[in-house]
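Fit chain B to the given chain A structure using the hints.
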Amino acid sequence: MIVGIVKPSASVVLTLAAILFGLLGVYLIGGRLRPTAGRPVRHVAAVLIAVVVGHLVLIGISRYLKQLFRPIAPPLGITTQEYTVSRALARRLHLSQRKGLEITWMSEGGSAAAGGLIPTDVVLGLDGHPTGGPGDISRLLRREGVGVGSLISIRLLRGEQMAEARVRVRRADVLAVYRYHLLLLVALLASMIAWVLAFALLNRLPAGAKKRLVVAATFVAGVFYSTEYFLPAQSRLVWWRAHHTNPLSEWLGPWGTAAQVIAGFTIGLGVINLVLIHGKTIGRLRRGWPNSMAFFAALVAMLVFGIWQSYLPEAAKPDHLVRVVYNYLFDGFYVALGAAVFSVLAFYIATAAYRAFRIRTAEAGFMMAAAFIVMLGQIPLGMWLTGGIDRSSLFAPLRVENISGWILAVINMAGSRAILFGVAVGALAMSLRIWLNLERGAFFDQEI
Amino acid sequence: MERARFWTRRVIWLLTAAALIVPMLVRIRLPMFPSSPARKLYRAVEAIPPDKIMVISTSWEPGTYGENGLQTEALIRHAFESNKRFAIFGWIYPPGPELGQNIAEGLAKRYHKRYGVDWVNWGYRPGYADMIRGWAKDIRAIVSTDAYGTPIGMLPVMKGVHTADDIGLMVEITPTDSIGTLVQFVYGVHRTPLGYAPTGVMAAEAYALLDSGQVVGLLRGLVGAAEYEDLLRHRGEAYRRMIPQSFAHALIILLVILGNVLYLLGRRQGEETPTEVQGEQRAGD
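Heads up: the protein sequence lines correspond to chains A and B, in order. Reminder that position 282 of the first sequence reads as 282 in this note's numbering, one-by-one numbering, no gaps. Reminder that position 277 of the second sequence reads as 1277 in this note's numbering, one-by-one numbering, no gaps.
Next comes chain A alone, as it looks inside the complex:
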């Protein structure tokens, strides 16, 4: 059904959907739907951005849906990875290709397993066509129109010997993929509905009740984690013996999964928050709005190409356009810009060193001397300065790296340990205050 909607009239549907996205964008960015006199540029810009964004997102979604519901057989119930045959073996076996796909896993009762293939076999070709890159098996099966009951001839490398296998595509593989994707969609929709209902319910609660709910959840979590941590793994208690372990520990896994979901939501909230703030900045043409535009461009580009390259099997190939663009965005922009911003610190540290570090007291003098020794002890130039002292001689402790090591491992360590103790005591007190709802001020007193 979904294929039917997306495929035949894709451009019309996409354009309509993009206009809808555009209107949503105007609402989010402009803050209202009606035009504002004297500021038409705001709305034109908002509509343009939203239409482009909407188009890109919908193209990505439609590609994914097409991929999801394509009526072809899955790749034989196996997962593979690229494999390169050694030159010597390729020469000995007279192989014209060195690239293949090694089977890393196969489903029990799947087509490949029934055909006698085993994990670690390397698939070199299908029905006379070579396979060497990610997605090659899916692509060949699709191109050849392979369906349930089709017989495929597979050329493979087993150990250091060539072999041939004939595999009949089984219904189980095809159904398994459809079932998996349908279940995934149902689960996604069901969880979204459940979350919307839960949020609506929470929203209807009076402010006091919401707070009590948060306090109760914090208290229960605190009881669980502290009890689990301090209860011994082994105990002589009768009811304990049946488990041979602390029974609360079994709940750590599910709680950990729940923590992942909650943390995932916080990331999502962060993104929504950024979108709203930058959207308003663009909508009202506040100072720095071009920076907000850059934010949206970066967000959309990474989102679209990130999702695209994850779900498009062909994109696993290093020379595929989507993969190339994604790598360019990640390595060329994200990694390079991140490192560049951090490296600017070096220049500020240099000016601060000249202007801010003043020896006004004897203690400051000691600190500076220690800092110089530690700095010199960590660089080859410093090691070179005392390189004349033999490392096995009586004077070896006077080498700068040894003095630096001593300062760090003895004097610094004692100070760090004292600070760590202080921090630990403070954290314990703070944890107790939060756990028992004694903390006041900041957001603890705010209405939620």
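Hints were generated in silico from the structure; no laboratory data involved. Every residue gets a Cβ at the ideal spot worked out from N, C-alpha and C, and that includes glycine. Mixed in with the good hints there might be a few duds.
Stated by the list, open to error - Listed next, the in silico EDC-like pairs over lysine to aspartate or glutamate satisfying Cα-Cα at most 16 Å (straight line):
| id | chain 1 | residue 1 | chain 2 | residue 2 |
| --- | --- | --- | --- | --- |
| 1 | B | K1159 | B | E1105 |
| 2 | B | K1109 | A | D127 |
| 3 | A | K317 | B | E1105 |
Unchecked claim - Derived, one-sided and incomplete: chain B residues facing chain A with beta-carbon distance under 7 Å:
| id | residue |
| --- | --- |
| 4 | F1006 |
| 5 | V1011 |
| 6 | W1013 |
| 7 | Y1115 |
| 8 | D1118 |
| 9 | G1134 |
| 10 | K1137 |
| 11 | V1201 |
| 12 | M1202 |
| 13 | A1204 |
| 14 | Y1207 |
| 15 | D1211 |
| 16 | M1242 |
| 17 | I1252 |
| 18 | I1253 |
| 19 | L1255 |
Claimed, not checked - Residues from chain A that keep clear of chain B, each with C-beta distances beyond 12 Å, as calculated:
| id | residue |
| --- | --- |
| 20 | G109 |
| 21 | H129 |
| 22 | P130 |
| 23 | G133 |
| 24 | E144 |
| 25 | L151 |
| 26 | R166 |
| 27 | A194 |
| 28 | V223 |
| 29 | W289 |
| 30 | F296 |
| 31 | A297 |
| 32 | V322 |
| 33 | I407 |
| 34 | D445 |
Using the frame of chain A, we list chain B on its own:
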């Protein structure tokens, strides 16, 4: 006076740039002696038994690539060279595992290692301490699939790996103090050996953990990566970058001395030095 401040700042920036760029262009060889904490980490990697996996926790972002990236590279190189299977894992910064993956992919080709057999990428898992507690107890409950969606039970590299007890060494590579969480819940509960590879500024705090045995080895920022390269008998990128860093450190020492000499001269003349006031008021400038 304002004009003098303006030019002072620019001269310092120019000197810093020169101290960093010139040593990159001129071939300079300086000595490098691995420190005791780096040796300890090296020995801990060597001591991982074959039935256990090594976890390389890439809790860093591109901003600290210059330090954490090269530490990751050195550790992965060692794992490949000594045939230790390992997992890349991220739980602080989402891009960490992908950055680690890029490094591992480059080295895997060189050492003819296979993904899924010799190494795996568990991807990023949010949830911090709560997640880590569950993860240490049951790895497969939290990391059910690898970074590409393959169920990890299907990967040969995961054979016999179920809890933190099956980890031979976990190395936390990070600019943060996340090691504290691992000390509490991974070392504290399971006695899993921990290694720590922080950025240079975070290293000083780690000596208390090293002394108590809660951390078995330590790589201190870029110098740690360079020391590790030396232990691997492969002086590479980290060592090359230590040369410009040497000159930048030397410049900073000279600038501190120069600033204090001018400060003392100014005090002797009975006037407040402009550099001092400026430094306090515009520390971030």
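Taking the hints in turn, this is what the structure says about them:
1. B:K1159 <-> B:E1105: Judged against 16 Å, a Cα distance of about 21 Å means the pair is violated.
2. B:K1109 <-> A:D127: violated (29 Å)
3. A:K317 <-> B:E1105: Given pair K317 of chain A, E1105 of chain B holds - Cα atoms ~14 Å apart, limit 16 Å.
4. F1006: With Cβ-Cβ at 12 Å, over 7 Å, it is violated.
5. V1011: violated (10 Å)
6. W1013: Holds - the Cβ of W1013 of chain B comes within 7 Å of chain A, reaching about 5 Å at its closest.
7. Y1115: At 6 Å from the nearest chain A Cβ, Y1115 of chain B passes the 7 Å test, so the hint holds.
8. D1118: Because about 11 Å separates D1118 of chain B from the closest Cβ in chain A, which is outside the 7 Å limit, the hint is violated.
9. G1134: holds (2 Å)
10. K1137: Holds: closest Cβ of chain A sits about 4 Å from K1137 of chain B, inside 7 Å.
11. V1201: Result: violated, 10 Å to nearest chain A Cβ.
12. M1202: violated (11 Å)
13. A1204: At about 5 Å, which falls below the 7 Å cut-off, the nearest Cβ of chain A leaves the hint on A1204 of chain B intact, so it holds.
14. Y1207: holds (4 Å)
15. D1211: With a closest approach of 5 Å, the D1211 of chain B hint holds.
16. M1242: holds (5 Å)
17. I1252: holds (5 Å)
18. I1253: Hint on I1253 of chain B: holds, closest Cβ of chain A at ~6 Å, below 7 Å.
19. L1255: holds (4 Å)
20. G109: Answer for G109 of chain A: holds, closest chain B Cβ roughly 15 Å.
21. H129: Given a closest Cβ separation of 24 Å, the condition holds.
22. P130: holds (20 Å)
23. G133: holds (15 Å)
24. E144: holds (25 Å)
25. L151: holds (26 Å)
26. R166: holds (24 Å)
27. A194: holds (20 Å)
28. V223: holds (14 Å)
29. W289: Given that every Cβ of chain B is farther than 12 Å from that of W289 of chain A, nearest at about 25 Å, it holds.
30. F296: holds (19 Å)
31. A297: holds (18 Å)
32. V322: Consistent with the label, V322 of chain A stays out of reach of chain B, its closest Cβ about 15 Å off (over 12 Å).
33. I407: Violated, since 10 Å does not exceed 12 Å.
34. D445: holds (25 Å)
In terms of the numbered hints stated before, the structure departs from hints 1, 2, 4, 5, 8, 11, 12, 33, listed from lowest to highest.
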